[in-house]
Amino acid sequence: MTTQTLHLTSAVSTSQPMAPYWAVVEEIAIEAPGVSTYWVRFSDPALLNSYRFSPGQFNILTMPGLGESAISISSSPEDTRRIGHTVRFVGNVTNAIGRLQVGDQIGVRGPFGTAWPMQKAVGQDIVIVAGGIGLPPLRSALYPIMNHRKNYGRVIVLYGARTPQDLQFTREYKQWEESGVELMVTVDRGDESWQGTVGVVPLLFYRLRLDPLKTIVMTCGPEIMIRFVIFEALARRITPDRIYVSMERNMRCGLGSCGHCQIGPYFVCKDGPVFTYEQLQPYFNVEEL
Amino acid sequence: MAEIRLETGTAVALPKSALPGLLANLTQMGYQVVGPQVKDNTIIYAPLSQAEDLPRGYVSEQKPGSYRLLYTGHENYFDITPGPHSWKMLFFPPRSQMVAFRRSEGSPSWEIEAAEETIPTYALFGVRPCELAAIQVQDRVFLREDFKDPIYRKRRQSSFIITVNCLHPCGTCFCASMGTGPEAKAGYDISLTELEDVFLVKTGSEAGRMVLSGLPWQPAGAFLIQTAQQEIEKARNNMGRTLPNPEELPKLLDNLNHPQFNDVSKRCLSCANCTQVCPTCFCWDVQDLNNLSGSSVQRERVWDSCFNPEYSYVFGGNSRPNTRSRYRQWITHKLAGWYQQFGTSGCVGCGRCITWCPVGIDITAEAAALREEAQS
Numbered sequence: 001m002t003t004q005t006l007h008l009t010s011a012v013s014t015s016q017p018m019a020p021y022w023a024v025v026e027e028i029a030i031e032a033p034g035v036s037t038y039w040v041r042f043s044d045p046a047l048l049n050s051y052r053f054s055p056g057q058f059n060i061l062t063m064p065g066l067g068e069s070a071i072s073i074s075s076s077p078e079d080t081r082r083i084g085h086t087v088r089f090v091g092n093v094t095n096a097i098g099r100l101q102v103g104d105q106i107g108v109r110g111p112f113g114t115a116w117p118m119q120k121a122v123g124q125d126i127v128i129v130a131g132g133i134g135l136p137p138l139r140s141a142l143y144p145i146m147n148h149r150k151n152y153g154r155v156i157v158l159y160g161a162r163t164p165q166d167l168q169f170t171r172e173y174k175q176w177e178e179s180g181v182e183l184m185v186t187v188d189r190g191d192e193s194w195q196g197t198v199g200v201v202p203l204l205f206y207r208l209r210l211d212p213l214k215t216i217v218m219t220c221g222p223e224i225m226i227r228f229v230i231f232e233a234l235a236r237r238i239t240p241d242r243i244y245v246s247m248e249r250n251m252r253c254g255l256g257s258c259g260h261c262q263i264g265p266y267f268v269c270k271d272g273p274v275f276t277y278e279q280l281q282p283y284f285n286v287e288e289l
Numbered sequence: 001m002a003e004i005r006l007e008t009g010t011a012v013a014l015p016k017s018a019l020p021g022l023l024a025n026l027t028q029m030g031y032q033v034v035g036p037q038v039k040d041n042t043i044i045y046a047p048l049s050q051a052e053d054l055p056r057g058y059v060s061e062q063k064p065g066s067y068r069l070l071y072t073g074h075e076n077y078f079d080i081t082p083g084p085h086s087w088k089m090l091f092f093p094p095r096s097q098m099v100a101f102r103r104s105e106g107s108p109s110w111e112i113e114a115a116e117e118t119i120p121t122y123a124l125f126g127v128r129p130c131e132l133a134a135i136q137v138q139d140r141v142f143l144r145e146d147f148k149d150p151i152y153r154k155r156r157q158s159s160f161i162i163t164v165n166c167l168h169p170c171g172t173c174f175c176a177s178m179g180t181g182p183e184a185k186a187g188y189d190i191s192l193t194e195l196e197d198v199f200l201v202k203t204g205s206e207a208g209r210m211v212l213s214g215l216p217w218q219p220a221g222a223f224l225i226q227t228a229q230q231e232i233e234k235a236r237n238n239m240g241r242t243l244p245n246p247e248e249l250p251k252l253l254d255n256l257n258h259p260q261f262n263d264v265s266k267r268c269l270s271c272a273n274c275t276q277v278c279p280t281c282f283c284w285d286v287q288d289l290n291n292l293s294g295s296s297v298q299r300e301r302v303w304d305s306c307f308n309p310e311y312s313y314v315f316g317g318n319s320r321p322n323t324r325s326r327y328r329q330w331i332t333h334k335l336a337g338w339y340q341q342f343g344t345s346g347c348v349g350c351g352r353c354i355t356w357c358p359v360g361i362d363i364t365a366e367a368a369a370l371r372e373e374a375q376s
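Chains as they are written, first to last, in the numbering used here: chain A, 1 to 289; chain B, 1 to 376.
To be clear, the hints were calculated from the coordinates, so they are not data collected in a lab. Keep in mind it's a predicted model, so treat the numbers as computed, not measured. In this text, a Cβ means the ideal position worked out from N, Cα and C, and glycines have one as well. Certain hints may be false.
Across the chosen pairs, the derived CB separations fall in these ranges [unchecked claim]:
| # | chain 1 | residue 1 | chain 2 | residue 2 | range |
| --- | --- | --- | --- | --- | --- |
| 1 | A | ARG227 | B | GLY65 | 36 to 44 Å |
| 2 | A | ASN49 | B | VAL314 | 31 to 39 Å |
| 3 | B | GLY65 | A | THR163 | 27 to 35 Å |
| 4 | B | GLY65 | A | LYS214 | 36 to 44 Å |
| 5 | B | SER293 | A | GLN175 | 41 to 49 Å |
| 6 | A | HIS148 | B | SER107 | 26 to 34 Å |
| 7 | A | ALA46 | B | SER293 | 46 to 54 Å |
| 8 | B | GLU111 | A | GLU27 | 22 to 30 Å |
Listed below are the simulated EDC-like cross-link pairs for lysine to aspartate or glutamate, each with C-alpha atoms no more than 20 Å apart in a straight line [said to hold, decoys possible]:
| # | chain 1 | residue 1 | chain 2 | residue 2 |
| --- | --- | --- | --- | --- |
| 9 | B | LYS266 | A | GLU288 |
| 10 | B | LYS251 | A | GLU278 |
| 11 | B | LYS63 | B | ASP40 |
| 12 | B | LYS251 | A | GLU287 |
| 13 | B | LYS16 | B | GLU75 |
Taking the hints into account, I'd like the entire structure generated from these sequences.
Right, dumping it as structure tokens:
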């Protein structure tokens, strides 16, 4: 087995592309009520050494007997010994993942899809805009940005959640800010202890002065939020080829084969999930596409 | 006979009485022959053991939402046009196992079970040119440069195709518009044109040449070749429907809020019939089948349809919540998006979706209406 998998860089078998590779849950970090990060390690030593992904890509996690779920990778691409998947427990498969414990087995296929424009962002100001469970795929971009902070101009993170309790990765905010990340957080509804901003994420743009010629926007979250993020970015003369959007659709295979995830002529799992707004422009504002 | 050499690509005449011999040769070469047969008042594709099983003497009358198989008593084997079955069921089976998991009782850890599968090498007997084109469309879908579907590849790579040129198109046919028929140009092992007493046979491959060995073929004379061409031209001018300039249809994606989508959504039942009979529709879903003790799981691939509500469901809602959005997805994917994805139209002009639509929605009429400037 080991000799056969020596040249793997991904956990996708050519002879059996729907067969997962086994991994073990090493750590479970509770991020918010109903949201946890599952740190997994591949059991096959060759795959453990060779597996690589780019920030913004996703894996498909398998629970035999229950099904699969496409989950974005939320950890750093520079450390693939443990891969972080931040999961919100909402369906059959994700709720079963929620019942896993450290040491349990899980199936992984991936990585799939396109990545955030890490090369294009070098020397640029980066505005990361996330809503709710849209933050994890952007966190995997944030790590390499912080690790190579000098390569980038300003790095701004705008993040919103429904309530203060729903904010994810809160224990890392201090470290992000110390690494030179301008973090602005907002919630839809505050509580008695909340002293921060209340309101929707796109409104945070009004606090920024951006140079449209050297700004790259990366956004992920509810589509309605993305729509207004694009609106605010365009209003600041940031061109559509500089606005990157990660889309969510029903995904089954990750291979651009099963057809479910189409938006217009695109397969989101293969041609996305990260698109430029330039690519999505003809389709993004068409309802129910 | 030994002194005449059969070259690939040459046309020969084969008497119809040699049909059993042709089937015997295919069987002897190890093929499982599958061909059209009459069942349940329609034409299905099933294992073919003898020439008598072919739908000799039948024709089909097809109109939007209507299919009638008629026995006319004529002597031809291949006057029928396709029924609801399509050949995709052989290469892309409606249900197939993708992976199997097993764990011993009480153990929390799963293992992947090696699949043992014997796949017959199929000989497809009586493939219409539009259907051959459909197979070539699915080749592009399942055998992409960057991803080769193993289930499809295993079944497709050793297959043998006997195509039969179409001389009697029916009311819902429009292959001439799509450039896929009524004559098959390439991609077959042998091609037949059925004339009065003989088949005009062309070989398209070495395997095709071998299948004819020992059969009483004669070099085809100019008269036969000319007669076959005339019949094909007659068929070309006798299509029930047209869909002009399909290469311009990617423009449908420029007008996704065309009022025609509202109109068709009032008629469409979202029943998914069109996607199940379509020879190119490729969408699939994944299902896990568990045994009762929870020790074994078969993960299967099943045909899916963009008309199913679950198809576009994600947590929090459905990105295509109504019939309008689902029909729009189907027709714009088929006629427009497919070009960008696979470099070809997804439609081959076979007319199945028109015939088998319970309310008779006609893809050619819808496309024509969608091309009209929106009146608002």
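Against the structure, the hints come out as follows:
A hinted range of 36 to 44 Å holds for the C-beta pair ARG227 of chain A and GLY65 of chain B, which are about 40 Å apart. For the pair ASN49 of chain A and VAL314 of chain B, the beta carbons lie near 34 Å from each other, so the given range of 31 to 39 Å is met. Between GLY65 of chain B and THR163 of chain A the CB atoms are about 53 Å apart, so this pair departs from the stated range of 27 to 35 Å. Roughly 60 Å separates the CB atoms of GLY65 of chain B and LYS214 of chain A, a value that falls outside the hinted 36 to 44 Å.
The hinted window of 41 to 49 Å between SER293 of chain B and GLN175 of chain A holds, with their beta carbons roughly 48 Å apart. Under the hint 26 to 34 Å, the C-beta atoms of HIS148 of chain A and SER107 of chain B, about 44 Å apart, miss the expected range. As the Cβ distance of ALA46 of chain A to SER293 of chain B is approximately 33 Å, the hint placing it in 46 to 54 Å is violated. Between GLU111 of chain B and GLU27 of chain A the beta carbon distance is about 24 Å. The supplied range of 22 to 30 Å therefore holds.
Taken as a hint, the LYS266 of chain B and GLU288 of chain A pair is honoured in the structure, with Cα atoms around 17 Å apart against an allowance of 20 Å. Taking the CA atoms of LYS251 of chain B and GLU278 of chain A, the gap is about 18 Å. The hint holds against a cut of 20 Å. For the proposed pair LYS63 of chain B and ASP40 of chain B, the alpha carbon gap of about 18 Å is at most 20 Å, so the pair holds. At most 20 Å may separate the alpha-carbon atoms for a hinted pair to count; LYS251 of chain B and GLU287 of chain A meet this at roughly 18 Å.
Annotation: proposed proximity of LYS16 of chain B to GLU75 of chain B holds, straight-line Cα distance about 10 Å (limit 20 Å).
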